[in-house]
Amino acid sequence: MLNNVFLKTLRDQGRSLLFWGIGLVAMAVIMAFVYPTIKNMPSVTQYLEELPASVKEMFGAGIIDYTSPVGYFSTELFSFMMPLLLLIFGIGFGVSAIAGEEEKGTLDFLLSNPVPRWLVVVEKFGVMIVSMALLAFVFWASLAICVSALGIEISLLKLAEATIGALMLALVFATFSLFLGCLKGDRGLSLGISGGLAVLTYLLNTLGSIVNWLKDYRFLSPFYHYMQPDTLKNGIDAGHMLVFLGLIVVFFVISIPVFERRDIAV
Amino acid sequence: MNANDAIVHTSKLTKFYGKRLGIEEVDLDVKRGEVFGYLGPNGAGKTTTIRTLLDFIHPTGGSATVFGLDTRRNSIEIHRHVGYLQGELKLYGNLTGKDLLRYLGNLRGGIDWNYVKKLASRLDCELSRKISTLSHGNKQKLGLVQAFMHKPEFLVLDEPTQGLDPLMQQEFYRLITEARNEGQTVFLSSHILPEVEKVCDRIGIIRQGRLITVETIEVLKSHAVRQLEIHFAGAIPKDRFIGISGVRDVVVENDMLRCNVIGSLDTLVKVAAGFEVVNILSHEPSLEEIFMTYYNEDKNNVK
Numbered sequence: 001m002l003n004n005v006f007l008k009t010l011r012d013q014g015r016s017l018l019f020w021g022i023g024l025v026a027m028a029v030i031m032a033f034v035y036p037t038i039k040n041m042p043s044v045t046q047y048l049e050e051l052p053a054s055v056k057e058m059f060g061a062g063i064i065d066y067t068s069p070v071g072y073f074s075t076e077l078f079s080f081m082m083p084l085l086l087l088i089f090g091i092g093f094g095v096s097a098i099a100g101e102e103e104k105g106t107l108d109f110l111l112s113n114p115v116p117r118w119l120v121v122v123e124k125f126g127v128m129i130v131s132m133a134l135l136a137f138v139f140w141a142s143l144a145i146c147v148s149a150l151g152i153e154i155s156l157l158k159l160a161e162a163t164i165g166a167l168m169l170a171l172v173f174a175t176f177s178l179f180l181g182c183l184k185g186d187r188g189l190s191l192g193i194s195g196g197l198a199v200l201t202y203l204l205n206t207l208g209s210i211v212n213w214l215k216d217y218r219f220l221s222p223f224y225h226y227m228q229p230d231t232l233k234n235g236i237d238a239g240h241m242l243v244f245l246g247l248i249v250v251f252f253v254i255s256i257p258v259f260e261r262r263d264i265a266v
Numbered sequence: 001m002n003a004n005d006a007i008v009h010t011s012k013l014t015k016f017y018g019k020r021l022g023i024e025e026v027d028l029d030v031k032r033g034e035v036f037g038y039l040g041p042n043g044a045g046k047t048t049t050i051r052t053l054l055d056f057i058h059p060t061g062g063s064a065t066v067f068g069l070d071t072r073r074n075s076i077e078i079h080r081h082v083g084y085l086q087g088e089l090k091l092y093g094n095l096t097g098k099d100l101l102r103y104l105g106n107l108r109g110g111i112d113w114n115y116v117k118k119l120a121s122r123l124d125c126e127l128s129r130k131i132s133t134l135s136h137g138n139k140q141k142l143g144l145v146q147a148f149m150h151k152p153e154f155l156v157l158d159e160p161t162q163g164l165d166p167l168m169q170q171e172f173y174r175l176i177t178e179a180r181n182e183g184q185t186v187f188l189s190s191h192i193l194p195e196v197e198k199v200c201d202r203i204g205i206i207r208q209g210r211l212i213t214v215e216t217i218e219v220l221k222s223h224a225v226r227q228l229e230i231h232f233a234g235a236i237p238k239d240r241f242i243g244i245s246g247v248r249d250v251v252v253e254n255d256m257l258r259c260n261v262i263g264s265l266d267t268l269v270k271v272a273a274g275f276e277v278v279n280i281l282s283h284e285p286s287l288e289e290i291f292m293t294y295y296n297e298d299k300n301n302v303k
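If you read the sequences in order, they're chains A and B.
Following my numbering, the numbering of the first sequence begins with 1 at its first residue and continues without gaps.
Following my numbering, the numbering of the second sequence begins with 1 at its first residue and continues without gaps.
Derived from the structure by calculation, the hints contain no laboratory data.
Every residue, glycine too, gets a C-beta built ideally from N, C-alpha and C.
There may be inaccurate statements among the hints.
Here are a few chain B residues that sit away from chain A, every Cβ distance over 10 Å (derived from the structure) [unchecked claim]: (1) 14; (2) 47; (3) 124; (4) 135; (5) 231; (6) 239; (7) 249; (8) 254; (9) 277.
Pairs of lysine to any residue residues, derived as SDA-like cross-links and limited to a Cα-Cα distance of at most 20 Å, are as follows [to be verified]: (10) B/98 with A/6; (11) A/104 with B/133; (12) B/98 with A/186; (13) B/130 with A/12; (14) B/90 with A/186; (15) B/90 with A/100; (16) B/19 with A/6.
Chain A on its own, in the form it takes in the complex:
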């Protein structure tokens, strides 16, 4: 596991991946097991139906329907908790990839070997994708096993598509934090900006659904492109997915020249 920067970085992630994985599996299992109970509690459904439209809008695509599995999992898992967890993991990794190593002082040490800077960025980005995809897969797999076992009627493919959507959303912010670390080796700064931007764009999307003058700017929020297609119901939407892909590629590609050009802090 110490053959190159990629494997060494992945190895360092080992324990972190284990605990995040356990957390995501636990979330999937609990949510799936709770569903049959909630479904048969008329009071819950009734309560939700009576919520004001604007509040409903803030969860999912405006429809909160716990009687259907799609509505339940959309609201309870995919509208907030699941992307949030992937996002936190992703930003944490993106921030530590370059800026973290720089603040620890080991970046000089690493770069004194015949390893080009661009390759370090590529390998760390690779680990980011692999570890986040791994977490997403573990989440999907445990959810798939649970819904099958409980006989909940939901398409495993659609679950996978929604998971991929959340993964892509999280990767946008993770790559952005990697880029900030490449731009300036300040962990606090890149954590603050990426985290702050995630909160702001989240609010932009949810408030944009209620506040009229914000409506036209919702497209600027990655969360809009995540929530809008209602993936668990309709499957992946190529257009919105391309937005994610474009943002990830752009942030990744500009990371390299800014990192190549700047001074490494001691």
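Let chain A serve as the given structure and place chain B on it in line with the hints.
Chain B only, in chain A's frame:
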């Protein structure tokens, strides 16, 4: 100078961190096969020079080559043949020493592991413990092993003896001497004169970002001001000690003489031998005193 002879060549190498000066117009040549000491107080620009040569930071003016290769364009090729020890060494705390060396070996390839084992045992290196649990000195030893492990053509060592106990320092000096004998070139920074004296062929002195002088050890010492205190059995006549070449600032207090000497002590000692000498105290010239010598010379030259 022929490119084959110069391992390092810089011309007007300048680095500003924003407005703060790192180094300014440094013209430096390190010849193949020599041990070059880079001497200066903390914050003089030693680490800045080294990090510029290795392309961790980019010069704001001038240029530098290592092995005749431009440091900006060919840094990877340069790194391939350089062994580097960081000034404030930071290693991966979650790895063991063995893992760290294996990782670095894999990044470089072509490591002679028998040699690495020999190195590690010579420096009495703790390889099986996690680096985060090691003392500063033990980390420094690991740092040295990784710098030497691929038998690099050029060793760049930033304050290498920091934290080493005296025994290990001696072993380190032996390693440097062996490296020179093997034809390796060494660039070693320090803020302690006796250290560079021991192993270096030539010394560059840097102060406030400027390279003040580059001299061989002998020349440097001959320029150095040494403070001397001679205690006699009885009172001595001051006038006998005035006007000896290289001797100045003569003070006589009863049976004690204090003076500063530049260069050879020979004449002074011979004069003193005419009286009964009880004790001679010599203060080795401190770095700052040597700086002041050159600094004053600089100013005088300007005039």
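Pair hint residue 130 of chain B and residue 12 of chain A, alpha-carbon separation not exceeding 20 Å: 14 Å, holds
Restraint status (C-alpha distance of residue 104 of chain A to residue 133 of chain B at most 20 Å): 16 Å, holds
Please check whether the beta-carbon of residue 47 of chain B is more than 10 Å away from every beta-carbon in chain A. Given a closest Cβ separation of 7 Å, the condition is violated.
Run the C-beta distances from residue 231 of chain B to all of chain A and say if the shortest one exceeds 10 Å. 48 Å, holds
Has the given pair, residue 90 of chain B with residue 100 of chain A, been kept, meaning a C-alpha gap of at most 20 Å? 13 Å, holds
Grab the minimum beta-carbon distance between residue 124 of chain B and chain A and tell me whether it stays above 10 Å. 22 Å, holds
Is the Cβ of residue 277 of chain B more than 10 Å away from each Cβ in chain A? 50 Å, holds
Beyond 10 Å from every chain A Cβ: check whether that's true for residue 14 of chain B. Non-interface label on residue 14 of chain B holds, nearest chain A Cβ at 14 Å vs cutoff 10 Å.
Are all beta-carbon distances from residue 135 of chain B to chain A longer than 10 Å? Nearest chain A Cβ is 17 Å from residue 135 of chain B, so the label holds.
Agreement of residue 98 of chain B and residue 6 of chain A with the hint, judged by alpha carbon distance not exceeding 20 Å: OK: residue 98 of chain B and residue 6 of chain A at ~19 Å, within 20 Å.
Given as non-interface: residue 254 of chain B, partner chain A, CB spacing beyond 10 Å: Holds: least Cβ distance 53 Å, greater than 10 Å.
Assess, step by step, whether the Cα of residue 19 of chain B is no farther than 20 Å from the Cα of residue 6 of chain A, and give holds or violated. 37 Å, violated
Hint compliance for this structure: hints 2, 12, 16 are not met, and every other hint is.
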